[in-house]
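S.K.: Going down the list, the sequences are from chains A and B. For what it's worth, our numbering labels the leading residue of the first sequence as 1, then goes sequentially. For what it's worth, our numbering labels the leading residue of the second sequence as 1, then goes sequentially.
Calculated directly from the structure, the hints in this document are not laboratory data. Quick caveat, the model's predicted, so the values are computed rather than measured. Keep in mind that the hints are not guaranteed to be accurate.
[As the list claims (entries may be wrong)] Sample of chain A residues lacking proximity to chain B, with all beta carbon distances greater than 12 Å (derived):
id, residue
1, Gly34
2, Ala52
3, Asp148
4, Thr181
5, Ala186
6, Phe257
7, Ala356
8, Arg417
[Stated by the list, open to error] Here are some chain A residues the structure puts well away from chain B; computed CB gaps all over 10 Å:
id, residue
9, Ala20
10, Leu33
11, Phe62
12, Leu129
13, Glu153
14, Leu156
15, Ala190
16, Pro199
17, Gly206
18, Ala269
19, Ile312
20, Pro377
21, Arg432
[What the hints assert, rightly or not] Partner residues aside, some chain A positions facing chain B, computed with beta carbon under 7 Å:
id, residue
22, Pro378
23, Leu390
24, Val401
25, Val403
26, Val405
27, Leu416
Every residue, glycine too, gets a C-beta built ideally from N, C-alpha and C.
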Amino acid sequence: MNTGFSLHDLAPLLPELILAAAASVLLVLELVLGKKAVLGLIGIAASAAAFAGLSMSGGAAFNGMFVSDPYSSQFKVIFLITAVLTILISLAYLPRKKAEQGEYYSLVLFATLGMMLMASARDLIVMYLGLELMALSTYILAGIMRHDRKSNEAALKYFLLGAFSSAVLLFGISLTYGTTTTTDLATIAARASASGPNPVALLGMGLMATAFCFKIAAAPFHMWAPDVYEGAPTSITAFMSVGPKAAGFAVLGRVFFIAFPGLQAEWTAILTVIAILSMAVGNILALVQTNIKRMLAYSSIAHAGYMLIGVIVGTNEGLSAILTYLLIYAFMNMGAFAVVILLEKGDTLQDYEGLAKSNPLAAAAMLVFMFSLTGIPPTAGFIGKFNLFLIAVNAGYAWLVVVAVIFSAISAYYYLRVVRNMYMKDRTEAARTHPAFSLGLALGIAVAMIFVIGIMPSVVLGR
Amino acid sequence: MDHSGFPLLSSIIGLPIAGAVVVLLLSRARAALIRWTALGFTIAAFLLSLPLYTGFVKTTPRMQFTETYSWVPAWNINYAVGVDGISVLFVLLSTILAVLCVTVSWTSITEKIKEFYAAVLLIEGAMIGVFCSLDMFLFYIFWEAMLIPMFILIGVWGGQNRVYAAIKFFLYTLVGSVLMLVGIMVLYFQTGKSFDIMKMMAANYPVDLQFILFWAFFAAFAVKVPMWPVHTWLPDAHTEAPTAGSVILAGILIKMGAYGFLRFSLPLFPDAARALAPVMMILSVIAIIYGGIICLGQTDIKRLIAYSSVSHMGFVTLGIFALNMQGIQGGIIQMVNHGIVTGALFLCIGIIYERTHTRKISDYGGVATALPIYASFFMVLTFASIGLPGTNGFVGEFLILLGGFTASKIMGVFAASGVIIGAGYMLWLYQRVFFQEVSQKLHGLRDLDMREVLTVAPLIVLVFWIGFYPVPVMSITDASVQQLIERVNKPVQPRLAQHQAEVSK
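This is chain B alone, in the form it adopts within the complex (with noise of 0.2 Å):
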């Protein structure tokens, strides 16, 4: 609750869960009317969101905007919510990126109108509720929630493998959370029946289960991160998924896998995220190198952006793992920057696909000359992705290198190679689209109109921010992540020393 005791954290889930159903009673034929009520919510929920950025105390670790409310009292589950520096900036990623889900696909999708937009609003919902719950089970009901709408969104308006790519999603996803959800029960009897997030922060759990409940959830996160080598399910996904699907995907579902290292693995499992800390550094770097390698060898332009999530994710979880400041500020930059440049990518590359019906980098050539405006927003977002100074990759990718060489140099000389590939395959796959003689496919088409200007263009300026003045982003995560590094970082735990002397004993 904000000070004045609305329940704004609520009202922002809420919001696009009820513009769901509205959309859904909304007559099938009034097209018009169905994608503005959907817009319309999305900016609500935007502006609800806003005061979050604006409210948010800067100062203090701790959760801010907190609701709780008694729920199953027969398992002792409350509805609580609430954010810190380590969520906050990701509902308001969600907030922003769901309205332009919905401005992107206002002409490109015409089949069961309806039903896509109440499945963009579902997910919009359950995504800001994964950030934001402070409940165990809460938070596995929002983030189980959110792949019913997601498989229907991939599986009834994606492109030509659609049905594959939805179930392989499905699957992959469910059989992750699964072996989260017994690592959760298991929890819940050590904390002493609670699903209390915060409980479970300031608890000490013995050693050995540590290691074995960091694999449960491993099992969760890495899948939705995804790390190699489970991370096959995404370029299948993020290619036959309609545009509005592959930005959220992209631009937040991914980001709630490395979210769910920061809030659970990480403060819950201390002990063991510090001794296998280097073998995720390793499956880190193997994800940076390999996925950057691939890439070289696509011939599909949103494959190959989607490859890219997995190697630009594999920076994340690098940062994140060198467990220090550096390195998890940056990989919280990173997510955000990830969100907004793949999420614009994802974007222009629908906005493309609208007019040519083609994704073959051989089908294009010469864009930069038929269609300029849009050749300088993927210039500017190719930088980006690269990691140019002045751009937001600069900014995370450096604060993770620096992490990285902290923790460990012969990490940080691979990662940096990772870079290397990066540019090398956003820069051949710009000069082979955009320049080079205008493909025949390309005459006569339009130039962006202003709906996809403005569809874009915010995600351009957060760019440039966040280049040159990341202080406000950086800042409001500088005291959760100071408490986090302080709670890994512990030496030994005075229970576990005694747990050790009895055991020894």
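The following block holds chain A by itself, in its conformation from the complex (with noise of 0.2 Å):
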């Protein structure tokens, strides 16, 4: 094995490299740069800058512990468009919040190259390492409102659950390393075979699948994300709701399709169990919410469950399904939370009474969001949901299907509310807005993704 360091291994690593040195060179500027905002618009910058340099990054490094390739690319622009959408909704969110301390916009970049070393990791110890950088810099931007109550009982929870599911991770892992010796993906896949079946690898297995499913906030591991969600500022709720759980979607399908292919028939029934469970824990208890955070927290869980079905389904159709779902996940769940964050009060539902009539641009940008969060035509969440639904009705799953469209058709339910209280209720006082340009792109980006996604899927479909 060649032990010895060449700059040629770094090449694969383009991206991650210019975001680990803004996100360090962020943290220096911070103590001399009075505009807080301009950070921000350095961390766009380095994310356009990733973004440019993902095309240039092909290949494996370090001995195949990291690789760039179509896959992770994918789930990297993801990252990244989370990444920018997150400084737009933030920029003008911050200072009206007091909450603008200057490691803000760095955490999110090592939150953001965290994730994409989850993406590209084909070594259990890189997989380990990136999710601890993103799950630990999330922990302190859940809780960078230091005075808020919330906000610091978000983060401490989240920081407590966190660690706990990265203990239960490297459980898992040392479990798997036990019986095959190796942390390399493709090599636990060859020696799990040689051996034959073993309870302590499934063991292994059933424990990773368990730190995967608390990332993506799927049941029966979803406990924190409603009070986490309610609790942290509602950008960096933004940013977990699609972020994480995009990375934890990553981790989940590399390893489990690279190292586990022997155990398919075991984690194909775990995963169908807790997609159900999720569909159905997170549509029903989002009927009874009043609060759009938690409500939002329920609905990215019963998503969470709908994209599992493309695990299940076990074909890279699947995972692409998944990826495509992702994409536009993250655009009208950003949206969303963009509009609550435009709202100088939006927590609760009843905040959005009336504003058809005080802000009807607005109201119109959440109604869109709402009705693609359904999966309504001519959105993208329906394309989304479709294309997801049509590879597991090909793969034999139609009953699965069935049990999603209808917990789909629920999920109207709470959607519906949202477009109710803003179109068809009235309030005396008008609800009070904090329009900024930043935000206003951002809806304006989200919005318009959504149409071009759901008139014409080919842009995400491709061919």
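From the two separate chains plus the hints, produce the assembled complex.
M.R.: See the structure below:
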């Protein structure tokens, strides 16, 4: 084995290096710059540069521990879009909440970097490093409003449960290492198939599944999500609802497909139960929420349930359907949170009463996001679901698709409640909004993408 | 495309949608401009749809005015539109009713005018799209896209209980539709990864699959029609919707369910349709009689007319599942008739409600003395609803009963009794509202003005036209219905026999 280090190894890491450098520079710049918004703009520029670097980064590095392939690149596109949208919706929001810590933008970039490492990991150690980088950054971000008790509570809860899930993950990794004496994903598969079925390996896989399901907020490992989503700064809630979830799916797909193909029957069974449970818990508990951030938390649990179908299907088509879904989900979910941020008081469902009258544009945008989350054509949300379900039907999971569509019909009720409050109820005092160019830009991008993908699905489906 | 290469159908679908965008871009303050723009676009779409009638070749069951463009190559989806004898009438009905929906709302809608007309135009475009789609994916997009503006239309401009009605409407329809969506996906793979409706119609599916898919599609169509027992959204939605919404709902939207049976359930799953026809006929007869009896107990004019739709649509589905020429043709004509008559009745109710702000039957009385022109219009429509000879209602109900008796004598007898109940509740309504002493609330009310007369008159003309000379309407459907009947009643298909032989081995 060649253990020497060559500069050549760094080419596949180009986007990661750009982000790491930018995040570190931001940490220093924060000390000298008075205007924090500039830091955000630098963050956007760094993300754009990393995006440009993606196309030049193909190949493997560090003896195959890190790989930049189409699978990881597509996930990285989603992460970078999430990062840019997060910064856009944060620019005006942070000063308003007096939470403009300089580390904020740096931490967003570090978290994104962690996710990118996760997507590219072909080794359990790299995967774990990426996951911890992402997790630690988001713990801090969740609690960045230091004077807000709910924000502190959210951060602490997230940290405790997150640390617990990391421990479970490590336990799973060590059991797997114990049976195969390697952390390389492909070698695990080769050795496992050579040694035959093994209950310890099964346990290792199960523990890893648990930890990944924690990250994607799938039931029954979703308990943290509603509290953390509610307490964290809304911009970070938006970030958490998309980024770590997508990263969780990236490793779930990679690890299960490459390392545990021999246990496919087992993990398909486990994930089927988890998927149905997530759809049920997410959609049913969302019905009774009065806080919109909690409602969107349960909705994100339900969406994790839908997306798990793509893993259950067990083909590359299924994984690519998840990617498409996540991309669409990024736009519609970030968009919905952007509207929450736009409002002076936008946390409870009541705050949306009469919004159509006082601020028709914001209400119209929220209407689009809600119908897209429900999956009504001609919005992108429909295309995402359609793509995913079509592949599941092809793989013989029509019964699971029937379950999923029934739950998504149920979900219409709670999304409609927001629309009802905006359009069909009146309030004497108009809702106060804080329009800003950056926020408007994020909303515009999200609405435009939802219709572009909804009407011309070819832009995301390729071919 | 027509003979000169002009994309006629796409223009008829696209014009209202473009109109909605234009209306949304207009300044909120210029109410008159918004109204005239909406009217202009609906009239333009109506004028564009006329060549569909004049240029339609009645001798062929094939799709006409077809256009096909590749849309989503990854899924083999095409943007494909076209009309045959079954769908062309509904396109025409949609464009006519849309114009009237705009004129009837001229003074009654005073708030959020922009959004209102945009919603009406969007619904019009989507409705026409549903009737023209020759691709399952495209069909589903239009089918569902209509839900959003309709939800808004009922929920924002509706009556007292509008929010409840809007959400109920949305959820009922959505649950039905998503089950159909799964069915569509299964069909896609069964047809060799194609959403092409014409290809699906030519294919033969295994019988056991046909049964499953029939029920999946049934879920969507039965809710839309609505058939008993999934009709309960209809009285709420029709009653609470603003006049234009009620007209669209009664006139077109519920026809889409019956159209779905004709376009998909019968030709795609002929064996299942034949086997399940008795069940469908029983459900239809229950709807006819149950809907009629409920009407007798109503105290609200609008709700009474809404329930009468359940009964009338029962006739339509009875005709369709009689699976013979008279039944299906009668069903189609009755759908058109119901669109005209019930649409007009809702227009009339909207017109009087704008003056009195009450829909309670007991608040009225003596309207014939106070508003004679209005009363004569309403009388014609009452007779047409009952199915008096000379009106269009007679032609449709007669054909359906003929078809019904041919298929099953018992069903025919029960359905015929529904006609009598229909006469009962409509005449009783007319007597209570228009005769007797003039009610206090009616003093000083003016009769119809020119705009209102022009709104209702075209439909009255159609009532008599189809009533006295139904041949043009019937001859359009002839060839297509003939082909449909042959497809449905084809004895056990060769491939099916082979399949069964394999199974028995």
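S.K.: Run through the hints listed earlier and report the numbers of any the structure violates, in increasing order.
M.R.: Structure breaks hints 7, 8, 20 and 25.
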